[in-house]
Amino acid sequence: MSETFQPVVLEMSAASIGALRDTSHVVVADVNWSVAAGEFWVVAGQQQSGKSDLLMHAAGLMTPLQGSCRVFGCETRDFGEAQIAERLRVGFVFAGGKLFNQLTVAENISLPLRYQSHHNLPEISSRTVALLEWLELTPFADSTPASLAANWRQRVALARALALQPELLLLDQPLGGLGTRHRQWLLQFLDQLWRGHELSGGRPMTIVATTDDLRAWPHPQRKFAVLDRKTFSVLGAWDDVKSAPHHAVKELLAEPVETTI
Amino acid sequence: MRGNLAKAFQLANTQVFRHATAPKSLTDQLGRKLFLAILTVQGLGAFALITLGVILKKSGGAPGVIRPRVRQEISRAGVALLPMFLFAALALGFLVVGQTVSALAKVGATNYLGSTMVIVIVREIGPLLTAMLVLARVGTANVIELGTARALGEVEALEALGIDPVHYLIVPRVVGMAAGIFALTIYLILGALGSGYLFAFLQDVPLTPGDYFKQITEALNWLDFALLALKTLAFGFFIAIVTCYHGLAQPLRLEDVSRVAVRAVTQGVIVCVFVDTVFIVLYLLT
Chain L
1 MSETFQPVVL EMSAASIGAL RDTSHVVVAD VNWSVAAGEF WVVAGQQQSG KSDLLMHAAG
61 LMTPLQGSCR VFGCETRDFG EAQIAERLRV GFVFAGGKLF NQLTVAENIS LPLRYQSHHN
121 LPEISSRTVA LLEWLELTPF ADSTPASLAA NWRQRVALAR ALALQPELLL LDQPLGGLGT
181 RHRQWLLQFL DQLWRGHELS GGRPMTIVAT TDDLRAWPHP QRKFAVLDRK TFSVLGAWDD
241 VKSAPHHAVK ELLAEPVETT I
Chain U
1 MRGNLAKAFQ LANTQVFRHA TAPKSLTDQL GRKLFLAILT VQGLGAFALI TLGVILKKSG
61 GAPGVIRPRV RQEISRAGVA LLPMFLFAAL ALGFLVVGQT VSALAKVGAT NYLGSTMVIV
121 IVREIGPLLT AMLVLARVGT ANVIELGTAR ALGEVEALEA LGIDPVHYLI VPRVVGMAAG
181 IFALTIYLIL GALGSGYLFA FLQDVPLTPG DYFKQITEAL NWLDFALLAL KTLAFGFFIA
241 IVTCYHGLAQ PLRLEDVSRV AVRAVTQGVI VCVFVDTVFI VLYLLT
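Chains as they are written, first to last, in our numbering: chain L, 1 to 261; chain U, 1 to 286.
No lab work stands behind these hints, which were simulated from the structure alone. Among the clues, some could well be false.
One-sided and incomplete, this derived list gives chain L residues near chain U with beta-carbon spacing under 7 Å [claimed, not checked]: (1) Pro112; (2) Arg181; (3) Trp185.
The following residues of chain U were derived to be distant from chain L, with all beta-carbon distances above 10 Å [to be verified]: (4) Ala105; (5) Gln267; (6) Ile270.
Only part of the chain U face toward chain L is listed, based on derived beta-carbon distances under 10 Å [to be verified]: (7) Val65; (8) Ile66; (9) Ala160; (10) Leu161; (11) Asp164.
Glycine included, C-beta positions come from ideal geometry on N, C-alpha and C.
All chains should be modelled from the sequences, with the hints used to inform the complete structure.
Written out as structure tokens, the structure is:
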């Protein structure tokens, strides 16, 4: 991507991140983070390090216990009906998909389009068909998510998040539980989205993904951060990751480290 | 959206008390129970008002999604229960109406038949029995479905898609249950009165169908129709509110769902009896 100035789409200042299950419990403290339009961030951390909670805050689904979180310039604490347009500029892919099992794959994907009533039926239909085709889900259109393997459920979740053409895409552990072929496919697809895909009208997408295995994500133009011991640290580019002194980073790169059990 | 649910549930965060060590003295235990009851009533009240607000504010919103869901809920809380209610109407007719008609005929008090039937069947047993049966069949399912959806994170998924969970999950259930209980009560009353006469007829009670139904219609007035409609709609609204509230409010773990379902049904029965009492007072005042 070019190095020209890009507007900030996500900004956290001294934000204390609470846990979803117990909102009074701080899982990450004092987060200072700024994501500019067109960036691709990978946030790494071990299990229970607060990756999902951080993304929930970034999407405006939770509000920080302290500090501020702004999405497209709008404070997430103020998110309500009036800010729905800002909310819809963010797409969220949950770990495991969190699909609606009573709906078919096609219904899951079209649900946000059908709910936002400014879309008419032909538009909804053509958008759903396009998403099914691009994500190779057409054979499963009438299946329910429960009957699909985890690999395909992850794609359905991605298709659902892309339905409203978000500008910022947040993915929680998108590679978790995927087979090798599906991992490769997803990484390539995310790269296409980041550069500008037909599904997003050719517009480059800002992407933030979390992971517990950094080895799958090397790329010179991606930015990296790590969550460790309730602290959020920006690492920089891939070269900085490899030379980072953090013990946690070496673990996330699966390098041999001294462990004490 | 997120605020809608959070507001009601923050008001009634009873988990702190439920997970705390049990108090030793009896008065402390009673105090805790009372405090929990007040918090629950507060939470239910807030949830009911929020749901009413969403119904009024978003009526006609997202018709492509909400209307099919409302139809589905009406079918589930109404049409699908018709066979069970046919059975209940026959049972009620044979067990209560038929015996009452027969007993009144034996003591020569058939003049009181109309008013007795209206008070017993139209005002009380019909609506209350319908509410209890729908609570058992559909209310329980509501708690389990919503509790599971909550535990699996579907509520957060809806919010992430810009969909108001109250609008998508609660409003169709409230409308469906209110419409279902209203319609099923009418069928139950008609079925019970019809089968009751059949039972009395088989016992050779000297009463013609014309006299029987004439007495009932004469005992009915416009207020009975109005209050019956209001009462059944109130039953449906409050049963849906109680069961949806407990389904969505606290449980974030699957193992909590069954325990919460039992609590919701118990509270549903209490709420129905309370609503019924309010209507009895209204009948007495008018």
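Hint check:
{"no.": "1", "hint": "Pro112", "verdict": "4 Å, holds"}
{"no.": "2", "hint": "Arg181", "verdict": "26 Å, violated"}
{"no.": "3", "hint": "Trp185", "verdict": "23 Å, violated"}
{"no.": "4", "hint": "Ala105", "verdict": "53 Å, holds"}
{"no.": "5", "hint": "Gln267", "verdict": "25 Å, holds"}
{"no.": "6", "hint": "Ile270", "verdict": "30 Å, holds"}
{"no.": "7", "hint": "Val65", "verdict": "5 Å, holds"}
{"no.": "8", "hint": "Ile66", "verdict": "8 Å, holds"}
{"no.": "9", "hint": "Ala160", "verdict": "4 Å, holds"}
{"no.": "10", "hint": "Leu161", "verdict": "4 Å, holds"}
{"no.": "11", "hint": "Asp164", "verdict": "8 Å, holds"}
Hints 2 and 3 from the earlier list are contradicted by this structure; the remaining hints agree with it.
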